[in-house]
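Residue numbers (the working numbering), protein chains in the order written: chain C, 75 to 596; chain Z, 296 to 456.
What the hints contain is simulated information worked out from the structure, not anything from laboratory work.
Model, not experiment: these values are computed from the prediction.
The beta carbon of each residue, even a glycine, is placed where N, CA and C say it ideally should be.
Hints are supplied without guarantee of correctness; some may be wrong.
Lysine-lysine pairs mimicking BS3-like chemistry, simulated, CA-CA at most 27 Å apart [to be verified]:
1) C:Lys131 with Z:Lys437
2) C:Lys215 with C:Lys181
3) C:Lys137 with Z:Lys432
Interface residues of chain Z toward chain C, partial, derived using beta-carbon atoms under 8 Å [stated by the list, open to error]:
4) Asn405
5) Tyr420
6) Leu422
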Amino acid sequence: MNRKIRTARGRRVVTLVVAAATVVVLQSVAAADPTVVPSPVVPGTPPIPGAITDPGKASETMKTLKTTPDVAVSGTNVTLSGAALPANKDVTLVWMTASVRYILDPKPDSVDYLGRKVDKIGVVLATAKTNASGAFTAAFKAPKDFGGIHDIFAVVDGVQVAKGGFLVERTVTISPKRGPVGTPIKVTVVGMGSPTYESVGAVLYDNHYAGAVSANTTRGVTTFKIRAAGSVGRHWIEYAGSSHTVPYLNMEQSPVPWTDGHRRMFTVTKDAGSPATYLEQAVSVRPTISARTTVIDADVAKDSTARVAIDSDKGAILSKVNVSATGLTPSAPVDLLWTSVVGNRVNCTGQCWKFTSQPLGRATAAADGSLRAPVTIPDGLGGWHAIQVVQAGEIMAQVPYFVKRSFVRAPKVVKAGQPFIVELKGVGWTQLDNTLAVTYDNSYIGYACGFNSNGYVRVQLFATGEPGTHLIDLYPLLYTQQPAYPYSQLGMVPLLGFARDAPGLAAGYDIPAIRLAIKVVK
Amino acid sequence: MKRLFLLLGALAVFGALAAPAFAQVPEKLNVFLYVDTVNGSRPVGAKPRPIGCTQTNVFQRGEQVVFRIWGSEADTGDVLSTENVKYAYVSRPGQPNLKLNWGAHGASTNRVWFWTAAWVIPADYPLGSVNARIVFKTEANKFGRYDYQMTINPTAARKRR
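Only chain C is shown next, with the shape it has when bound in the complex (with noise of 0.2 Å):
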């Protein structure tokens, strides 16, 4: 590679992008432009139980509807009745349920996580005729919904008649329920509510704060895996009801008191030795919207008819990536360039990061204007990213890639009383991807960033406990507390059901948990 010509050519287009970045930077201060984010198909997710209807308007003259039983979990088989309603007419029975999306800022130089978006719905639960005497009698099975309490109307000509209600209960299930240390265990919950003091579980193993888990995009149901530690017997899972991450431990006097807590037991069998590491994926699912970080439609020229590809968008630093672009200026020099940004959030007033812009290759465009080149993505911050592809100092066109968070290493034995490091790379800067949340054998103990030491983590532990196997957790955490404490509760905890219901799905984040075990010897 020529280096005169590049370092030139990538001074100006990294003027040019620096100087964008101020403007967006600024703005974006100035101004957060939330984005209800349209929720990913996660697999698994209960459909929305019935076809969407207008609930209609209150009558002056509501009658109440008899609901048996009105307090049980989804799939009960449920009768539901009413009296002295306009005689021989169609009833449509309306399923008051919630939709519940994302709210994000999607920006070219973050992504901030702002909470979520609360839509009531009515569906067609049902549909009945009352006979000559206005009663009717419906029967159908709970709905996989949202737990918590559901009003149901009668809607007659649009107008609701008469009410009812049911309380879809929260069922907590484990599996296994016996194991060594590191068993993977799944829990399953069914029945998570939709607005904010039902939408979070807390959970608790041996009364240690383990994180917290949603299922804001899933519809009230969720999967997700805790590990088996601590000594040979038995242990306690408790899935807590929760508003902002923690157990509220007295739920029950609050005005929700069926989203109380759980418990399980886990029996330890043995410790057979540290389990590998691992690690646990998010479901595979296809982003909702386009906006990435770094890349900016409007800095491409604007006459360039050039286009990208790259044969993989996603993978860890120093992947090997193949570029192919066509509708470049034939047989002239093409540079490859990287897009990423250089700062840090810490005591941050004003511009508190910008733009960088890193040479990837050099190459030369063929006769008929196309390119093939291989590039090595840089060891760098992970998260998205964009190859651009320039000529003449501007850029013909960009492409998007996805950066993952790697393992490095970690030791495998530990002496007790001994600080240890656990070391990763390509870990992000956004509030959805710069940071990791640790547990300890399960007990959440801080947060790690990679942003100011450009996606390069040292986690700085220390090895305590009785001399055997610990388990080491490194989950996904959305870096944001902010002021208005109904919407965006989910932060800087471990979000232990990451791997189906987490706001950065829906703009293509892909963040594993990280599942590492030391041994400690005296």
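Given the structure of chain C, go ahead and fit chain Z onto it with the hints provided.
Then chain Z, alone, in the frame of chain C:
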């Protein structure tokens, strides 16, 4: 009491000023109403709460809801009482209207007059949201109406599972 009504008047005026932002045609206010509910000390189908007469709009079946209303005529500022009210009631879905009574409440050294009605929530009353409508008609044939939202929960406080 006077201070309370000044406050209510101020709230109502604020509401009237704010209304044009949301409504095309501001509704003329004939009667100002303040409505709340407290837990009554005589529940029939639920355990009494440790403290009675505490403001809340979330009740269990079997508990006693006490509606409390203060009001005044917009034109005259007169406090709504049996002297100027023809009738006053609370309606709830599926239930007979509940007559509101004017009376003095509180400790003998600090009696406060307001309108009340008590309702024990039936054991089979539908769970969820309930709209209670408070209606006043004055001797001057002016109406006051307020829709008050409550939530009805199941009775049993369950043990941790």
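Consistency of the hints with the structure:
| no. | hint | result |
| --- | --- | --- |
| 1 | C:Lys131 with Z:Lys437 | holds, 25 Å |
| 2 | C:Lys215 with C:Lys181 | violated, 44 Å |
| 3 | C:Lys137 with Z:Lys432 | holds, 24 Å |
| 4 | Asn405 | violated, 29 Å |
| 5 | Tyr420 | holds, 7 Å |
| 6 | Leu422 | holds, 3 Å |
In terms of the numbered hints stated before, the structure departs from hints 2, 4, listed from lowest to highest.
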